[in-house]
Structure formats: C-alpha cells, structure tokens
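Read off the chains here:
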Amino acid sequence: MRSTTPNWLRWGGGALIAVVLIALPFQFEAFRVNQFITWMCIAVAAAGLNLLTGYNGQISVGHGALYGLGAYAAAILVTRTTVPMLLTIVIAAVICFVAGVAIGLPALRIKGLYLALVTLAVAVLFPALVEQFSSLTGGGRGLALVVPQEGCPRGRPECPVRWESPFGGLENDQWRYFLALAITVVAFVLVANLVKSRVGRSLVAIRDNDIAAESSGINVSRTKIITFGVSAAIAGVGGGMLALLNGNPRVNPTSFTLLVSIYLLVAVVVGGASTVIGPAIGALVYGVFTDVIGPELPGRFENATPVILGVLLIIQMLVAPNGIVGQFKEIQAKMASRRSGGAPEVHNGATPVERDTP
Amino acid sequence: MPLLDIQSVGVHFGGVSALDGLSFSIDEGQLAALIGPNGAGKTTLFNVVSRIYDADEGSVTFDGEDLLALPAYRIAELGVGRTFQNLALVPGLSVLENVIVGAHSRSTGGFWTAALRFPQLAEERRLVARAMEVLERLGLADLAQRPCAGLPFGTLKRIEFARALAGEPRLLMLDEPASGLTHGEVDELGDLIRQIRTEFDLTVLLVEHHMSMVMALSEKIVVMDLGSKIAEGSPAEIRDNPAVISAYLGAST
Ligand SMILES: Nc1ncnc2c1ncn2[C@@H]1O[C@H](COP(=O)(O)OP(=O)(O)O)[C@@H](O)[C@H]1O
Ligand SMILES: [Mg+2]
Numbered sequence: 000m001r002s003t004t005p006n007w008l009r010w011g012g013g014a015l016i017a018v019v020l021i022a023l024p025f026q027f028e029a030f031r032v033n034q035f036i037t038w039m040c041i042a043v044a045a046a047g048l049n050l051l052t053g054y055n056g057q058i059s060v061g062h063g064a065l066y067g068l069g070a071y072a073a074a075i076l077v078t079r080t081t082v083p084m085l086l087t088i089v090i091a092a093v094i095c096f097v098a099g100v101a102i103g104l105p106a107l108r109i110k111g112l113y114l115a116l117v118t119l120a121v122a123v124l125f126p127a128l129v130e131q132f133s134s135l136t137g138g139g140r141g142l143a144l145v146v147p148q149e150g151c152p153r154g155r156p157e158c159p160v161r162w163e164s165p166f167g168g169l170e171n172d173q174w175r176y177f178l179a180l181a182i183t184v185v186a187f188v189l190v191a192n193l194v195k196s197r198v199g200r201s202l203v204a205i206r207d208n209d210i211a212a213e214s215s216g217i218n219v220s221r222t223k224i225i226t227f228g229v230s231a232a233i234a235g236v237g238g239g240m241l242a243l244l245n246g247n248p249r250v251n252p253t254s255f256t257l258l259v260s261i262y263l264l265v266a267v268v269v270g271g272a273s274t275v276i277g278p279a280i281g282a283l284v285y286g287v288f289t290d291v292i293g294p295e296l297p298g299r300f301e302n303a304t305p306v307i308l309g310v311l312l313i314i315q316m317l318v319a320p321n322g323i324v325g326q327f328k329e330i331q332a333k334m335a336s337r338r339s340g341g342a343p344e345v346h347n348g349a350t351p352v353e354r355d356t357p
Numbered sequence: 000m001p002l003l004d005i006q007s008v009g010v011h012f013g014g015v016s017a018l019d020g021l022s023f024s025i026d027e028g029q030l031a032a033l034i035g036p037n038g039a040g041k042t043t044l045f046n047v048v049s050r051i052y053d054a055d056e057g058s059v060t061f062d063g064e065d066l067l068a069l070p071a072y073r074i075a076e077l078g079v080g081r082t083f084q085n086l087a088l089v090p091g092l093s094v095l096e097n098v099i100v101g102a103h104s105r106s107t108g109g110f111w112t113a114a115l116r117f118p119q120l121a122e123e124r125r126l127v128a129r130a131m132e133v134l135e136r137l138g139l140a141d142l143a144q145r146p147c148a149g150l151p152f153g154t155l156k157r158i159e160f161a162r163a164l165a166g167e168p169r170l171l172m173l174d175e176p177a178s179g180l181t182h183g184e185v186d187e188l189g190d191l192i193r194q195i196r197t198e199f200d201l202t203v204l205l206v207e208h209h210m211s212m213v214m215a216l217s218e219k220i221v222v223m224d225l226g227s228k229i230a231e232g233s234p235a236e237i238r239d240n241p242a243v244i245s246a247y248l249g250a251s252t
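Each protein sequence line maps, in turn, to chains C and F. Reading the first sequence from the start, the letters are residues 0 to 357 in numbering that gives the first Met the number 0. Reading the second sequence from the start, the letters are residues 0 to 252 in numbering that gives the first Met the number 0.
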C-alpha cells in the first residue's frame with residue numbers, strides 16, 4: 000500500500016535518524032556503544048521474525064534458537080577455520096536458512112497455536128543442544144572468541160578478537176558499531192524491498208487468505224517454507240553480529256534462552272508487526288528497558304524488567320494493537336483523509352472482505 | 000474438443016454427496032451458465048476445478064489437460080480464473096495489490112530478485128500498469144490505493160472480477176457475481192460481462208440466481224440439483240423444461 004507519509008517528513012526524518020545513528024558512538028562510552036550494537040542484533044533478528052510472523056502469519060516462538068544458531072555458527076567458524084570474519088556471518092545465515100526450512104516443514108501441516116508449540120519446543124531445546132555439543136560450543140561456560148593473531152599480550156599466540164579499525168581515529172567499539180550498523184541497514188533495506196515486491200504480496204496473501212493465494216497461482220507450501228528459511232537466515236545474521244561484534248569476547252548460551260525468543264516476538268509486536276521499521280523500534284524499546292531503565296530501578300526491582308515489559312505489552316495490545324509504527328500509520332491515514340475531506344480510510348463494521356471461503 | 004470437460008464427478012462430504020456423477024462440458028468461447036437451487040453443488044464444482052476440493056470420482060480436463068493431476072496453484076497458469084461466492088480477497092493489501100496478486104501466474108521474480116529490487120523494477124512497473132488497466136476497465140481505478148476493508152459487497156465482488164481478469168484466463172468462472180446488487184446494477188453487470196468476454200476473448204462459466212441475467216447472457220445452461228445435472232440446453236429449452244421448473248419450485252419429481 001502506498002505510504003501516506005509526506006515527503007518532507009520522510010526525507011527530513013530519515014536524515015535526522017542518519018545523523019543520530021552516526022553521532023551515537025562518539026557521544027557514549029564503550030559499554031553503552033556495545034549495548035547499542037546488541038540492540039541492532041535484536042533488531043535484525045526481529046526483522047527476520049517479522050517477515051515470518053508479521054507478513055506471512057506463521058508464528059514462531061523459537062527464533063531465539065535460530066538467533067543462537069547464527070551466533071554459535073559464526074563463533075565456531077571464526078575460532079576453528081580461517082574464513083574471514085564477516086564472511087562467517089554469511090555462512091551462519093546459510094546454516095540458519097537450512098535449519099529454518101527444517102523447522103518450517105511441519106508448518107505446512109500445522110498452523111497457529113500448534114505451530115507456536117512446535118517452535119516453542121525448538122526454543123526450549125536449544126540450550127540443551129548447546130550443552131550436548133559442549134566440545135564444539137563450550138557448553139555452559141560459553142565459547143571464547145580467541146584466535147591466533149599478532150600482538151597478543153605477554154607474547155601469547157592467541158587472544159580475543161579485537162576489531163581494530165583500519166581507519167585511524169576510530170576506537171574498536173566505534174568500528175564494531177559501524178560494521179553492525181552497516182549490516183543492519185543492509186538487512187532492513189533487503190527486507191523493505193522484499194515486502195513491497197511480488198514475493199511480499201504473496202506472503203500477505205498467504206497470511207490473509209491462502210485459498211485466494213493458491214488460486215491466483217501462488218505455491219503456498221513452497222513460499223511458506225522458503226519464508227521460514229529466509230526468516231531464520233536473517234535471525235542468524237543478527238546472531239552472527241552478536242557473536243562477533245558486540246564486544247563480549249564470549250558467546251554464552253544464556254543469550255539465547257526461551258525468554259529471548261519471547262523478547263523477539265515482543266519487539267515485533269510492540270514495534271509494529273508487518274511494518275518494515277517496526278522491529279527496529281521494538282528492539283529500541285526492548286533495549287532501553289533492559290539496559291537503560293532496568294539497571295536504574297531500585298534494588299528490589301532490578302530483575303523486574305521482564306515483568307514491566309510484559310505489562311507494557313498488555314497495555315499496548317489494548318491501546319495500540321498494531322504496534323507503535325502501526326499506530327503512527329493509522330493516525331497519519333486519519334489525518335490525510337480528514338485533510339482531503341473524505342471518509343476515514345478504514346472503518347469497522349463494514350463488509351468483511353473474506354468470509355468463510357471457499 | 001471441449002475446453003472444459005467434466006465427466007462423472009463425485010464429491011462426498013461424509014454422508015452428503017455435494018456432487019454425484021456430474022457431467023457436462025463447455026466449448027471454447029462459449030458463455031455457459033450453471034444454475035440450480037442453493038446446495039445443488041455449483042460452488043463445489045468450482046472448487047473441484049480450482050483443485051480446492053478433491054474429487055472422489057470422475058475426471059476434469061481443461062484443454063485436454065487432466066486438472067485433477069495438478070496442484071491448486073498450477074490451475075491459474077493454465078488459464079482458469081475464478082471469483083468466490085463469499086469473497087476471498089486479501090484485506091492486508093490495497094485494491095491494486097489484490098489485482099496484481101491475480102497476475103501472479105503471469106509474472107516472475109523470487110526472493111533474491113525481490114530483495115535486490117532493481118532486477119524486479121521493470122516487471123513491477125508492468126504489473127502495476129496492467130492491473131491499473133483492468134481496474135480502469137471495470138470502473139475501479141479510483142479505489143486502487145484503498146484497502147479493501149470498508150468497501151461495499153458489490154464492489155468487492157467486482158474487485159475479485161478484476162483480480163481474475165489480471166490472471167489472463169481463458170476460462171473465467173464467476174460465482175454469483177450479481178449478489179448484493181440492485182436491479183439496475185445487475186443489468187449493467189450483465190452488459191459488462193458480455194463486453195469483457197468479447198474484449199478478453201473468454202470462455203465464461205457463470206453461476207447466478209438472477210434468471211433474467213442468465214437467460215439474457217447464456218448460450219448454454221446447465222441445471223443442477225442435488226449434485227447432478229437435471230437438464231442442459233439453450234435458455235429457451237431450459238425455460239420450458241418440467242424438471243427444471245419442479246426443482247425450482249422445490250417439489251421433487
Ligand atoms: N466443505 C464442505 N464440507 C461439508 N459439506 C459441504 C462443504 N462444501 C459444500 N458442502 C455441501 O455440499 C452441498 C453443495 O454445496 P454448494 O456447492 O455450496 O452448493 P451451491 O453452490 O450450489 O449452493 C451442500 O449440501 C453443502 O452443505
Ligand atoms: Mg454456491
């Protein structure tokens with residue numbers, strides 16, 4: 000659907016956001032910059048989940064596991080092979096694509112709540128799998144990103160990956176931030192292109208009316224499976240970024256618990272499912288709550304962030320069920336139609352456009 | 000060789016036979032109507048041809064091709080388009096996008112070309128232009144950018160008509176296209192179907208309860224009751240057929 004956002008707001012807003020994103024790492028200390036990088040990883044993973052759940056209507060409560068698979072795949076490749084670091088993220092994406100297709104296969108037969116349960120099982124199983132293959136993953140201790148390189152302290156042959164900037168004047172954290180930002184922007188641009196294309200229309204058609212989709216010539220099963228794979232691949236890129244770029248020289252299984260799967264869903268829903276930028280906004284909300292507001296809470300409430308996020312989610316479902324971006328779009332559409340003097344674009348209680356088909 | 004050939008098709012839901020040994024055929028270029036009381040099995044036949052329902056017996060061929068051997072998503076590409084009695088639009092897409100979805104089988108582009116956008120630009124422009132042409136032809140161009148939600152039933156049926164045309168069908172199956180229309184609008188729709196059929200060089204299978212429209216448009220009428228054919232012929236022959244009259248009066252012969 001054509002956006003109702005006026006051009007000046009688009010370009011002006013875009014330019015402002017770009018300036019802020021570029022200025023951020025110069026305004027904050029390294030520990031904050033590392034948090035920003037983590038938020039970007041969440042945003043990318045949530046963008047992948049949004050493609051599947053928001054646009055295609057297939058619910059996954061297991062994307063934390065695919066996010067984790069991407070992280071471990073990249074980390075293992077970095078420590079055990081000589082594949083260039085950023086290329087490991089690409090390979091991680093391919094591995095996650097395959098895993099996503101495998102998880103998506105049952106989705107051809109099951110829908111809705113049952114699919115949620117299957118993907119939930121994947122989320123619950125993931126930490127156990129990490130433990131099972133501890134020789135590869137480091138198990139509960141985590142996997143240290145230690146590689147043989149020049150100039151390690153005290154003349155050791157190996158030390159943690161450092162990400163020194165090839166450009167003078169950038170600190171390591173700033174360089175990592177810009178690498179993460181570049182990957183994030185590319186991921187969001189690719190998703191934006193995808194959703195407004197022939198494929199994107201097919202995803203929505205399948206979500207809203209699979210019989211209409213099928214009789215229009217859309218191969219529903221194939222599209223659903225590939226979407227699962229692509230969604231998983233994007234989540235894997237987020238995970239790969241997290242493993243390599245967020246400044247923590249260790250990949251920990253605690254970063255990929257069931258709670259993380261749920262946070263990803265929350266980010267999609269809060270930001271705005273089936274909107275391109277929604278997952279980024281949702282990731283920002285998540286990040287601000289866990290990393291900025293959470294630690295400021297008085298001692299007793301320190302671990303209350305999930306509860307607060309949960310309550311917020313409930314309020315949001317009541318007040319703005321389409322998420323922040325969805326709500327924003329709705330207000331814009333209303334203002335636009337008021338300006339043009341026409342009737343509001345969407346009114347409830349009108350003829351349903353799909354009934355008990357066929 | 001007929002374009003669409005239905006032979007002894009049966010569809011059973013539990014104890015109910017929605018179709019029971021139904022046979023008839025339509026020639027290329029014909030405008031045929033399928034009529035019968037509610038529950039006769041007309042929509043079920045559409046769903047069998049679209050491969051939404053499996054036939055328990057019989058055969059369905061389109062231009063010599065065995066439709067029952069194909070998956071549902073291959074039917075559009077062969078040249079069979081349809082509308083739905085109870086609407087099957089995509090509320091999450093605009094009117095224009097709904098019509099473009101109808102052209103899915105006439106377009107190309109997968110995940111990669113879509114994500115990179117540029118390889119897909121020319122195709123996208125062609126699809127939009129083509130869908131706009133169809134919308135204009137059906138008098139819907141003003142609604143192109145609107146969401147489908149909130150439009151009247153008759154308009155939504157016409158959007159489905161546009162979507163089916165966008166698929167460049169050879170056979171167009173319309174399931175009660177005039178439902179929800181006023182008398183004047185029914186006449187207008189009849190004229191439109193007649194014109195579109197010539198312009199787009201279509202074979203049409205029409206399911207409709209407005210007998211004036213059926214009688215005025217059809218070259219051949221197939222009458223169904225309880226899943227089987229009870230009569231077939233020209234409008235004049237059907238009008239005077241005693242079996243048809245009794246089926247419509249609800250008295251069983
Ligand atoms: N999916 C289904 N499940 C069970 N019964 C069905 C189904 N679809 C159609 N029927 C039954 O098949 C018969 C024919 O229905 P239908 O094809 O919709 O008739 P028509 O379109 O001629 O009014 C009816 O008795 C209907 O209840
Ligand atoms: Mg019917």
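Hints are computed from structural coordinates only; laboratory data are not their basis. Warning: the hint list may mix true and false statements.
Stated by the list, open to error - Derived DMTMM-like pairs (lysine to aspartate or glutamate); straight-line CA-CA distance at most 20 angstroms:
{"no.": "1", "chain 1": "F", "residue 1": "Lys219", "chain 2": "F", "residue 2": "Asp26"}
{"no.": "2", "chain 1": "C", "residue 1": "Lys110", "chain 2": "C", "residue 2": "Asp209"}
{"no.": "3", "chain 1": "F", "residue 1": "Lys228", "chain 2": "F", "residue 2": "Asp19"}
{"no.": "4", "chain 1": "F", "residue 1": "Lys228", "chain 2": "F", "residue 2": "Asp239"}
{"no.": "5", "chain 1": "C", "residue 1": "Lys195", "chain 2": "F", "residue 2": "Asp19"}
{"no.": "6", "chain 1": "C", "residue 1": "Lys195", "chain 2": "F", "residue 2": "Glu123"}
{"no.": "7", "chain 1": "C", "residue 1": "Lys110", "chain 2": "C", "residue 2": "Glu130"}
{"no.": "8", "chain 1": "F", "residue 1": "Lys228", "chain 2": "F", "residue 2": "Asp26"}
{"no.": "9", "chain 1": "C", "residue 1": "Lys333", "chain 2": "F", "residue 2": "Asp239"}
Non-conforming hints, listed in increasing numerical order: Violated hints (numbers, rising): 5, 7 and 9; every other hint is consistent with the structure.
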